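Enquirer: My request is simple: use the sequences and hints to build the entire structure.
For the protein sequence lines, the chains are A and B, in the order given. First residue of the first sequence? That's 15 in the numbering used here, and the numbers climb one at a time after it. First residue of the second sequence? That's 11 in the numbering used here, and the numbers climb one at a time after it.
Hints in this document: simulated from the structure, not taken from any laboratory. Take the hints with a grain of salt, since some may be wrong.
What the hints assert, rightly or not - No farther apart than 30 Å at their CA atoms in a straight line, the calculated lysine-lysine pairs in the DSS-like style are these:
id : chain 1 : residue 1 : chain 2 : residue 2
1  : A       : 67        : B       : 113
2  : A       : 312       : A       : 330
3  : A       : 310       : B       : 69
4  : A       : 312       : B       : 113
5  : B       : 69        : A       : 213
6  : A       : 312       : B       : 13
7  : A       : 351       : A       : 312
8  : A       : 337       : A       : 55
9  : A       : 67        : A       : 310
10 : A       : 327       : A       : 337
11 : B       : 69        : A       : 67
12 : B       : 113       : A       : 55
13 : A       : 337       : A       : 351
14 : A       : 327       : A       : 310
15 : B       : 13        : B       : 69
16 : A       : 352       : A       : 327
17 : A       : 352       : B       : 13
18 : B       : 98        : B       : 69
19 : A       : 67        : A       : 330
20 : B       : 113       : B       : 69
21 : B       : 98        : B       : 113
22 : B       : 13        : B       : 113
23 : A       : 327       : A       : 55
24 : A       : 312       : B       : 98
25 : A       : 310       : A       : 55
What the hints assert, rightly or not - Here are some, though not all, of the chain B residues that point toward chain A, as calculated from beta-carbon distances under 10 Å:
id : residue
26 : 61
27 : 63
28 : 78
29 : 79
This structure is a prediction, so every number in the text was calculated from the model and none was measured. Where is the CB? At the ideal position from N, CA and C, for every residue including glycine.
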Amino acid sequence: MSAAPIATDMIIIGAGPVGLFAVFEAGLLGIRCHLIDNLDKVGGQCAELYPDKPIYDIPAVPRCTGQELVDRLVEQCAPFEPVFHLNQQAQALTHLPDGRWRVSTTADLVLEAPVVVIAAGAGSFVPKRLPLPGAEAYEGRSLFYAVRRMEQFRGRRIVVAGGGDSALDWVLNLQPIAASMALVHRRDDFRAAPDSVAKMRRLVAEGAISLVIGQISALEGADGRLEGVVVRSPQGETRLAADTLLAFYGLKMELGPIADWGLNLHENLIAVDTEAFETNAPGIFAIGDICTYPGKLKLILSGFHEAALMCQKAFKICFPDQKLIFRYTTSSTDLQKKLGVA
Amino acid sequence: MSKLYVTDREGHEHVLEGQVGWSVMEIIRENNLDIEAACGGCCACATCHVYVDPAGLAKVGEPGPDETMMLDEALDVRDTSRLSCQIKWTDDLDGLRVTLAPKF
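Expert: What follows is the structure, given as structure tokens:
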């Protein structure tokens, strides 16, 4: 734990559409929010899985794309100045003696608040791992799913697997410092940016990169030290000498550490009441796709509703001495001041 | 009624009733077989990957361009690989056999 804990009113885990709308609803009640998300951007599945796909069932928005919805939610909650902590996963939850909760993240950030809201969708996005037998033994030593420090790979014999932007970016960035560089992809067609693909093809033509079409079928080596990668294609098997494998097969969603927080779970969903969407732990709420209750529908609009009701109870926890008055943004100058429009 | 035969990852075969207008992913999911289908069927992930039995391949047809691109995020992709959310059920598919691809 490097830095001092950050104290706030509400810690929201997940910066997807429901987490963002919770910031708005909380803001109207004077509740300040910090959000944690494992992606490098806000928007959750809308931004990561289907930014360009259409959504037709947001009330009063006949059609928008996933990214447009996110952009509008960010704009809507901006007056409340949410603080985003991206690229990190909420890791541990502790109940403090004063009744508040402490959440620590994989980036060693520590947050403390009377209310924690889990708006984590289907879990956090993490890289897909190679499902080959024995692959685990190489992870962190010879097999990586992300590059944190480029220098770590200087002088290494690298194989990069994948056909998207991450794969191509790291092939191009690491090639100058690697002892050798090979790119493995299942077909000779890449969905990465055309410019990156063109650069890669030039380097292949110059002999600086080997391009191997096929799929990784086995890893060779011992004690976590990789010696070779076997690539299978319809033409047969090729063995590439390598001490480092970087695999970029996209992201998947998994519940992660939340599963061990002692909350009531039903098949990886968090059970809540339908009055306040509170879990079995007082002050811990769950809203959006991650919560379950009789009749639950995994719709963004349901998450919005859950956020609004959750905030009513959260207010009482955050400000036990204050009386909550129900008001509309249309008529309340107090709310309009908070929104910066009056 | 038309039938869909699904082999799970343990090798057990399940006989499911075809539902015209549903996708193969939806038929599998609604029968509580273990298919993740993380994106809910909009061809934005590769977690409903199945192998289509060669006998049914012609009827099912080739994957579309979006689907081919998403299959890049799957592993052990074969000539018979399809994303099951992209196969719309018709009675013409009666007797189709698919196998759930490995999870990862």
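Enquirer: Now tell me, hint by hint, if it's right for this structure.
Expert: Hints and how they fare:
| no. | hint | result |
| --- | --- | --- |
| 1 | A:67 with B:113 | 25 Å, holds |
| 2 | A:312 with A:330 | 27 Å, holds |
| 3 | A:310 with B:69 | 37 Å, violated |
| 4 | A:312 with B:113 | 23 Å, holds |
| 5 | B:69 with A:213 | 40 Å, violated |
| 6 | A:312 with B:13 | 29 Å, holds |
| 7 | A:351 with A:312 | 33 Å, violated |
| 8 | A:337 with A:55 | 36 Å, violated |
| 9 | A:67 with A:310 | 24 Å, holds |
| 10 | A:327 with A:337 | 12 Å, holds |
| 11 | B:69 with A:67 | 28 Å, holds |
| 12 | B:113 with A:55 | 26 Å, holds |
| 13 | A:337 with A:351 | 19 Å, holds |
| 14 | A:327 with A:310 | 20 Å, holds |
| 15 | B:13 with B:69 | 14 Å, holds |
| 16 | A:352 with A:327 | 20 Å, holds |
| 17 | A:352 with B:13 | 58 Å, violated |
| 18 | B:98 with B:69 | 11 Å, holds |
| 19 | A:67 with A:330 | 39 Å, violated |
| 20 | B:113 with B:69 | 26 Å, holds |
| 21 | B:98 with B:113 | 22 Å, holds |
| 22 | B:13 with B:113 | 24 Å, holds |
| 23 | A:327 with A:55 | 29 Å, holds |
| 24 | A:312 with B:98 | 22 Å, holds |
| 25 | A:310 with A:55 | 27 Å, holds |
| 26 | 61 | 14 Å, violated |
| 27 | 63 | 19 Å, violated |
| 28 | 78 | 8 Å, holds |
| 29 | 79 | 5 Å, holds |
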